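Take the given structure of chain A and dock chains B, C and D to it, following the hints.
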Amino acid sequence: MPGFISRLSWVPLLAALLVLFYVARDFPRMGDPESPASTHVSPRYIEDSESKAGAPNMVTAVLADYRSYDTLGETVVILTAGLACLLVLGSFRRTRDEPEDAKLMVQGFGSDVLDATSRLLIPFIVLFAVYVVVHGHTSPGGGFQGGAIFAAGLMLVRLTRGKAKGLRLRAGVAVIIACAGIFIYLGTGLLSLIRGYQFLDYAALPLPYEGGHLREFGSLTVEVGVFIAVTAVLMLIFDVLTSGAEE
Amino acid sequence: MMENAPVLILLAPLTGALLIPLLGFRFGRAVTMASLVASLFFGLSSLAQSLSAGPVHYHLAGWSPPWGIEIVVDPLSGVVASLVSAMAVLAAMYSGPFLAGWTRRRAGTFYSVYCLLVSGLVGIVITGDLFNLYVFLEISSLSAYALLSTGGSRSIVAVFRYLLIGTVAASFYLLGVGYLYAMTGTLNMADMSARLPNDDVAVLVVAASFIVIGLAIKAALFPLHGWLPDAYTYAPGPVVGFIAAVMAKVSAYALYRILYYVFDPVGGPRQPIELLGWASVIAVVAGSLMALAQKDVQRMLAYSSIGQMGYIMLGIAIGSPLALTGAVLHVINHAVMKGCLFMAVNGVQWKVGVFRVREFAGMAKRLPWTMGAFTVAALSMVGLPPTAGFFSKYYLALAAIESGHLSFLFALVLSSLLGAVYFFRVIEYAYLKTNDEPIEADAGTEVRELDASMLVPVVALAALVLLLGIFNQTVVTMLVVPGLPS
Amino acid sequence: MTIEALSSVNYWLAALLFVIGLYGILAPPNLVRKLMGMNIMQTAVIVFFITLGYKDDATPPIARHGDHEPVVRNYINPLPHTLMLTAIVVSVSTTGVALALLIRIHRRFGTLSEPELLEKLK
Amino acid sequence: MEIIANHRPLVAVAVSLVAAVAILLSRRHPNLRESWTLVAAVTKLAIVVSMLPGVLEGIVYESRSLEILPGWSLHLKTDPFGMVFALLAASLWIVTSLYSIGYMRAGGYTHQAGYFASFAVCVSSAIGIAFAANLATFFLFYEILTIATYPLVVHRRNDEAIGGGRKYLAYTLIAGQVLLVAILWAARLSPGASFSPGGFLAGTASPTSLRVLFVMFMIGIGVKAAIMPLHGWLPAAMVAPTPVSALLHAVAVVKAGTFGCVRIIGFVFGVDLVAELGMGTVLATFAAFTIVIASLRALGEDHLKRRLAYSTVSQLSYIVLGAALGSVTAIVGAIFHIAAHGFMKITLFFCAGSIYTKTHKEYIRDLKGLGRTMPVTFGAFTIGALGLAGMPLMAGFLSKWNLGLGALESGQPVVVFVLVLSGLLNFAYFFPIVHTAFFDGDGRGFRFDEASPLIWAPLALTAVFSIVLGVAPNYGFHFYELAQQAAASLFAPGPIMLAGGGS
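Residue numbers (the working numbering), protein chains in the order written: chain A, 1 to 247; chain B, 1 to 486; chain C, 1 to 122; chain D, 1 to 503.
By construction, these hints were calculated from the structure, which means they are not laboratory data.
Keep in mind that this is a model prediction, so the values were computed, not measured.
Since no wrong hints were added, every one of them can be taken at face value.
Cβ pair distances, simulated, as ranges:
hint, chain 1, residue 1, chain 2, residue 2, range
1, D, Tyr475, B, Leu406, 44 to 54 angstroms
2, B, Gly96, C, Arg64, 55 to 65 angstroms
3, A, His213, C, Arg64, 12 to 22 angstroms
4, C, Met36, A, Asp115, 25 to 35 angstroms
5, C, Arg64, A, Ile194, 36 to 46 angstroms
6, B, Pro321, C, Thr111, 45 to 55 angstroms
Glycine included, C-beta positions come from ideal geometry on N, C-alpha and C.
Okay, chain A solo, but in the shape it has when bound (with noise of 0.2 angstroms):
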């Protein structure tokens, strides 16, 4: 059957090319400001993220507020798929016939100078990773960016100095880290529900700020969360792929 596809797939999909190349005229011009997409619902999102959403970067206003509920589900969504890896390969355990390349995960590729470069690098892309997270409101990023990074510097450190090195986590701490994250998120949500006003709605928060200010401190709280679930949930993903079969 899958060698049948194979050869006879190119024809419906030629037909569905030409088809997408036939409607895509009647698509509003690229780039024009009268598009129904620029005149709808988004001219709200520029004119008031600063004002009412405190953050000067409209993508983390409507990332962290305005569409909140999407964020808190795609944070879901990574923790999924981390549990999901571990449902699939189970935990760390060696093998009894581990593979060479698996070896080489265990121990590092470390030469010296992986080593000596990656002991430079290590520190700033924490660092950067930080100011990605914090910075998320004026500048491009966010807890998903700032926690891609903090991984990254993490696998590196993985990479370079084998398994055991760099904030070694069981995968049932990672778990718990990153379920924890999520339930910065979903506490502050259930905070302002409790507080009689909608799930996720900052202005809710008891800080002593009003409007956007408060709003900014609560997509910031949520971003944290954020930050700390996908850290811990990239870093339990990369664990699994390479760790060792559980039978």
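Just chains B, C and D, lined up with the frame of chain A:
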């Protein structure tokens, strides 16, 4: 608290999923049950709200749509959400003995992912935002992959295929949504249906077709069903009942929601719906035919699911009030009866270790209650009164006659007869044949019923099949009809 | 006319990527390649959305310092970017799970090509 | 002519359902189990009979409970016609249960709990069919009957039984689907209509489509009524234990078919409509052919029960024929024959069972001289046989007489010829049996050697009653009077029409 019920339907299982690792994996089962029951409670209460005081709109983060995301619980979504969490509670109860042998952390992780699956499905049902729907679609899919993959190495391969096809489906959906966004600039369903151009320009047709294709793949509609049989056949016992019962239906629900609440059912693009109609007719017949060819009971059930999804899609495609009533009613009925069937069969498999039809010989003596439940549900699948299956089929058939599609009617009748053949084959073996060749698992005919925690859900579902049938008019008038598109 | 043609070049690019991805999933026998095809497909969707966000001579959606009444015309539409952040995260997660499955498959069956796999599964 | 809202019909149906559950729960204790059966049977008969006087005075007991389909509630109603079938089923259930207790114990059968439970469900659905006041209710019980009979057919669990069961299911399930489609169609034509004398379909659609609809109805019903060529399952179902065959052939299944046939003709289409569609003649032709050909097939059978089965096929077509002829007298004959044939045929099957229990002989050639040792059995057999053959002063005569008159009324003298011919054929295939039993074989003297009284008492009872039915057709259950009222109601659309209309 009650004004927050809509969002709590989703937050309850989500919180549960997070609490399991935080409190410690040993509480997995307890936390799961608690959170799912809570979710069911909130689902029912917001359903009651929507029935008494009209649809409930919940604006998340306090931003009014279309700028923020809203949750909409109208009678339709309320019913489906409650159905999902109800089935989830039963399935969680059922899964206990299966996971008894697992390591504590693995079982805990399993339960956590299970909660995530439920929250994903509920999220799809109650959201009022097209992109948000995509996010929860992915949550549910990912967790489903994870759960299905615990069924052994064969299931891993099946799951990988499911993952590929499922992601293709999601991409199709997202691209379709993108087309709609390009035309309207909004993602909120209500707002979009107000702003969609009412003449069917090519873009709308293509967008609708993409969404239909994407969700039809997820719903395993016939030509796009490739992932389903293997995924269900090798699926692990504890979850296959739940996944087979609700997952495809939720996608069908989403399709229904978009075709009839976002697009204008009259002025909107008809071509995709026409296509859907014929595809589902083929699905109804082909599913039954393929089920007929199976020797493995669980695989047989999987194929029969393909046929039954055809019923639902058929109702959606015909689109008259009768047809939609039939479709929604069949979503409820089929969830109950197929859940019962899968749970019964997996119970047998777990207890005796057999799956093939031949090996069911004399099973009625050993597991009388389980096979009794199986028989009731099977009769309902065949569509004999007074079981639930008959009544949804009645509506669909009536709608087919009304719309003058006699071929649809013929397909329905034919599939009932085929269903009779392949279900009575199992029943015949279970009740009439005595197993002459001893099963390697263990021979003997003494009564060895399932554990209570597995038997209760199975029997409860079987009872529900009968109740749903006898009181179908109550269900229709109270729950289904209020949910029809105005 | 040329403007028109150029205007939809991105849409064409997205469509092309989408179909290439689809082909990449259907055609090759190797599961890893299929996975790549899947990623290409998701990328196509991302390209499409980002295209929707673009406005002629407008800057990224970050209010310049001191610009307290941002003018809609000057900033591109932030919504697609937000959505695509989510989409990227989703595709990363999916890829992670897919890789985990592939590793498991390879450990169990020692191959990643579909025909051999089907042989072994018989 | 008054309508009394009263749940007695519903109770009459429910009694044996409850009994079925009780029987299944007490499967470990045979005596308790069988006492459940008897208690339920007596109660049911008592309830049905308690409504008889009222019905004779033209009172209609009506029970509407929950709505089961859009526009159609679970609607039970006692009209004279339904009463005939209900009385037949209820009274014969008692006899049959007594008989089965004796038979099953003597035969040492297993799975008796399941047996008695399905038996009870069958009777419930038969009563339900009798009292059903609209198509939905009718179909509901019709399908329940289909399923509940299956365990009885396959009761012996051997390959032959399973084969018979498959054949039975194949015929009845397909027919059920056809009937369903027909009902859906009728539901489209006049939604939520309930049975009314004179029918409700007249003028709702073009004659052609009404003809098609009629054919579909007749296929759906005709399988159970075993109209040739739809009779194939009936001889195959002979593998069942004899009491079951008795139930299948005298009470529940086939009678439900013929009953439904008359219901459809008289109360859905209306006799006049059927006549003007020209379907009456067609159906009559089929029935006539069935009568003759089935009798011929019976001649050819040496297996006793199968010969009886073919005789049933031919006798049932009397009823269909009467309904198809569509004149008052013919329909009186048809309705009366439902009862008469019930009692006579069940007698014959009981006899077959008694012979089998005592001697394990199934073939007619083996019956030599048995009459001298089993006088009661063969006495009853003779009575039943003569009755079916239409001997005067027997129940069968009355129905045939009416059928003949009706045929002349509706100007079909050829039918009279068919009746006479089939009468002769009846003699031809029953008399040899009697002769072999009494006069063949070695001349050993008379010696009473019957099976247990639980077996021969019931069959004696039914035999006596089938004589009584011939001599005084209104004795006890007033079958003849009921038949007359029912037939009259079809033709005198007066107050009855209103009442029947389920107003």
